[in-house]
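These are the residues of each chain, in order.
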Amino acid sequence: MDNEARFSALNLVLPPAPEPKGVYTPLLKVGCFIYISGHLPVNNDGTLQRGKIGQDMDQDAGKLAARQVGLTILATLIANLGSLNRIKRVIKVFGMVNATTDFEKQPYIVNGCSELLVEVFGRENGIGVRSAVGVGSLPENVPVEIEAIFELNEE
Amino acid sequence: MDNEARFSALNLVLPPAPEPKGVYTPLLKVGCFIYISGHLPVNNDGTLQRGKIGQDMDQDAGKLAARQVGLTILATLIANLGSLNRIKRVIKVFGMVNATTDFEKQPYIVNGCSELLVEVFGRENGIGVRSAVGVGSLPENVPVEIEAIFELNEE
Amino acid sequence: MDNEARFSALNLVLPPAPEPKGVYTPLLKVGCFIYISGHLPVNNDGTLQRGKIGQDMDQDAGKLAARQVGLTILATLIANLGSLNRIKRVIKVFGMVNATTDFEKQPYIVNGCSELLVEVFGRENGIGVRSAVGVGSLPENVPVEIEAIFELNEE
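Residue numbers (the numbering used here), protein chains in the order written: chain A, 1 to 155; chain B, 1 to 155; chain C, 1 to 155.
Rather than coming from a laboratory, the hints here were simulated on the basis of the structure. A virtual CB, placed ideally from N, CA and C, is assigned to each residue, including glycine. Be aware that a few hints might be false.
[What the hints assert, rightly or not] Some, not all, of what chain C presents toward chain B, calculated at C-beta under 7 Å:
#, residue
1, Q106
2, V129
3, S131
Pulled out of the complex, with its shape left as it was, chain A reads as follows (with noise of 0.2 Å):
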């Protein structure tokens, strides 16, 4: 089954694809590779989700920020790739925490957008490093931050 089978599966509703809120491109072709910018959990109206992890939401509502994040990057990649299908695989994923300076379960938040990606990857190609970190602040105060690189399909 390919990606765009997969996403059509999931029934999943995307936000729209976030306008840059500062000089640079949310999305980056540089050879056979795509280069995401941090992205932020737009809801599906276009607002943002707020709050600090350990201080306004429990972990779990962290987790379905971090799902938020990658429905968004999803958003990204199909309008301006056109079709998931493009995506070979994902190559990295840099996830930052808003959270208190003693959480320690970074990892389960960021998972909530790994497993998104997995879902509609496919376990072969949506698994790829990772790292998970508390940050101490992020743009208007939302709970998570993620920036990826996928690498796209020979053409």
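Since chain A is already given, all that's left is putting chains B and C on it; use the hints.
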């Protein structure tokens, strides 16, 4: 207009290219890519700008500090490559902002660097992907640290 | 002298190569590059080192923790590649230090890993680009997390 011509027209004063503060090199050429280590805001007299944004300085001072990091990166590029015309484009900027935990304007801060890169490399090639995040602390308590990846022209 | 010879001469004891703590792979080969996920300081008995630098441990203990992260990365490299002689050079090290918000010596901490990489890969090839930053929190409250990129020799 090429990078060197734009750079000259800006009449910028660059700080000295920084020596490494640990076991790393400020710049590494990897095929047609230039990896840039995390750079700090070096003043033109070689000292470092210090302070946490939201506590010791406001966001406009922080944005100027990010511009100074950009000037420091330009100093490293010129010291190592000879000419900015060897640069084809900006691939990625990763901006790490030393701010209080309630700070929300990291993209505004990092724009200080990104806008400089656009002035020098142009709109087409000066804008890459980017993440802007708030970190807990930075070396020597500088307000911003930025790392980057550039692509070189074919030679 | 080659990497394996230098490694043997150091008589290092490596921790077990860590299993992933989430939906990721510790190492991914992408063309002639090896991407390494964020690694934590795994003790030789498989447990994790814990503590925030500047609060639970001083900077010398933190530097040792970063060295232990380096040993853990070596364990992952050997478990996946078979021989360290497949590594051509260090491209990048990204060191994330779990410290109090007034901490300023992140480069000193991360040198614990970087110095180990020089011991194993030599001065010419063991030094790449690097960023060292203080994060707000880390998984399991470890003191340091480090991710890296290596280049492979042609085969």
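Results for each hint:
Given the 7 Å rule on beta carbons, the hint for Q106 (chain C) holds: about 5 Å separates it from the nearest Cβ of chain B. At its closest, the beta carbon of V129 (chain C) sits 4 Å from a beta carbon of chain B; the interface hint therefore holds under the 7 Å criterion. At its closest, the beta carbon of S131 (chain C) sits 3 Å from a beta carbon of chain B; the interface hint therefore holds under the 7 Å criterion.
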